[in-house]
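S.K.: Residue numbers (our numbering), protein chains in the order written: chain Y, 1 to 241; chain V, 1 to 256.
Calculated from the structure, these hints are not laboratory results.
Since we're looking at a predicted model, the values are computed, not measured.
Any given hint could turn out to be false.
To be verified - From the structure, some residues in chain V lie toward chain Y, with a derived Cβ separation under 10 Å:
id : residue
1  : Arg10
2  : Gly57
3  : Ile59
4  : Arg62
5  : Val95
6  : Gly101
7  : Lys102
8  : Glu224
9  : Ala226
Stated by the list, open to error - In silico negatives: residues of chain V with every beta carbon more than 10 Å from chain Y:
id : residue
10 : Gly9
11 : Gly69
12 : Ile73
13 : Gln171
For every residue, glycine included, the Cβ atom is placed at its ideal position computed from N, Cα and C.
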Amino acid sequence: MTLARTLTPDGFVLAREFLASVRADPTADALPVDELLFGGRYSAALPRAPDLERIAINTRRDAAVYLGPRLEPIQREIADHAGFWSWLGMYYFAETAPRDRNGVLKLSSLDETFIVPVQEDRSYQRRYRHYLWSAWRLQQAHGASADFLLDERINSFGDIADRVFSYSRIFNANGIVQLILRLYTVDGRQKPRFGRAPGGLRHLIRVLDQLERTYDVYGMPAEALMRILPREFDPWRPEAV
Amino acid sequence: MLRRFNQTGRDRIHTEHVGVQLRSVDEQNVRICEITLDLSSYQFAPDSAVRVEAWRGNISQRWDLGKAGELGIGTRFDRPMNEAPENSQFKVVVVAADGTGKLLGASTAIRPKMPVASLIPLTPTDLGDEIWKVNFGDESDLPELLVNNKIETISEIVRNDDAFRALVMPQVLRSVLTQIIMVLGGDEDDDEERWYLDWFRLAKSIAPGDVPKVTDRTDLSQLEAAQEWIDRVVTVFATTKVQATERYRSVVQDNS
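Go ahead and model the full structure; you've got the sequences and the hints to work with.
M.R.: In structure tokens:
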């Protein structure tokens, strides 16, 4: 068991260097050094820190189910704590880093998948790419209504996840997330060819922009949104399956 | 002149009835936004929901402020901005209580009150080796002047340094007016109160006259008329408001 910590500014620098080194040589299969995770220069103690252990993290649900109850007592303090989530990203690097079919590390170009950026405009958008933070937030914000997204691999961002996690307006709108999942998934699987098709996901986003002139689309439940969608979405409605 | 009609049936909530101010951070280092509302002159159903949204690009945060009938004149709300960035713009919506989600009223984009009166907010950020640039974000975002945060006193420099202001401010104005007219096709007769109307008012205060419209980007005469107008506004601005040549010459002489 390990008490969670937070990264210091030096820790952020070292973490980025580590990620760069892994991208440069993915076959080395390196792990963040203990000095980064536990050394006083690169990490700091966290008040009321939860005790964490190594677990298998394959899906967002795995992360959310494990972290949810353990972070609940300090939820308010750590919700936007870049240092904490970045430390956590490094601590669970081995468990969450994507690999190819040969098991070789295949990192995204975005450090933000492991390190939550601090205090920059664009960081608000990119932090939704943090594997652990986004999984935890997804469970917090949407719970069981986001089963499809929770059951996806923690380090994958398919069409639906990409759209939901890239736009905080959408992510924070329960009705729209549920609408997207009802229209474009069935029996736990994505429907085929919904991306660019008429009535597909991209079309939906454009239509919501238009409907926003008349409706509070980001505050409406999925049922109400379903009622105001134009006919080109009919083939995607659940009753049409 | 092409009139546009409000076909949505919703009331426009005027900006003088909404105040937004950003205040100091709380103990979690989160900025607080102070929202003041006066909806007394509107006939919204008392049980309609009042909501505020802060957004920049596709990042946003929303707050429910209660029912229209519960709000008094000048009711004030303090809300933490832990999702939306500080350079967000805000809007107020009033939503029907019948479950349809229909908007009964909406404001246009509202910019929070700045400590120093300015049409364009200043945002220090990482710009690599660029010193400054104007960021337009998405089409509905307010423009912001980005300055390089690696220069420690950059905010002070922007506000007070004669050389910087002489060199940069006319070009900032040129960039914004070009974006409005050439890219967005801005129209000073727009029935909706869009963010760029404040810039048109500024431009007309500098160089009175009609603001040109570009309705066809392939029409060279429209483009030329627009470019001439922009050049004229920037020239008068540089001369009368910034006194660019005089101030820059003075700085150069002082440093020689």
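S.K.: Against the structure shown, which of the earlier numbered hints fail to hold, in ascending order?
M.R.: 8, 9 and 10
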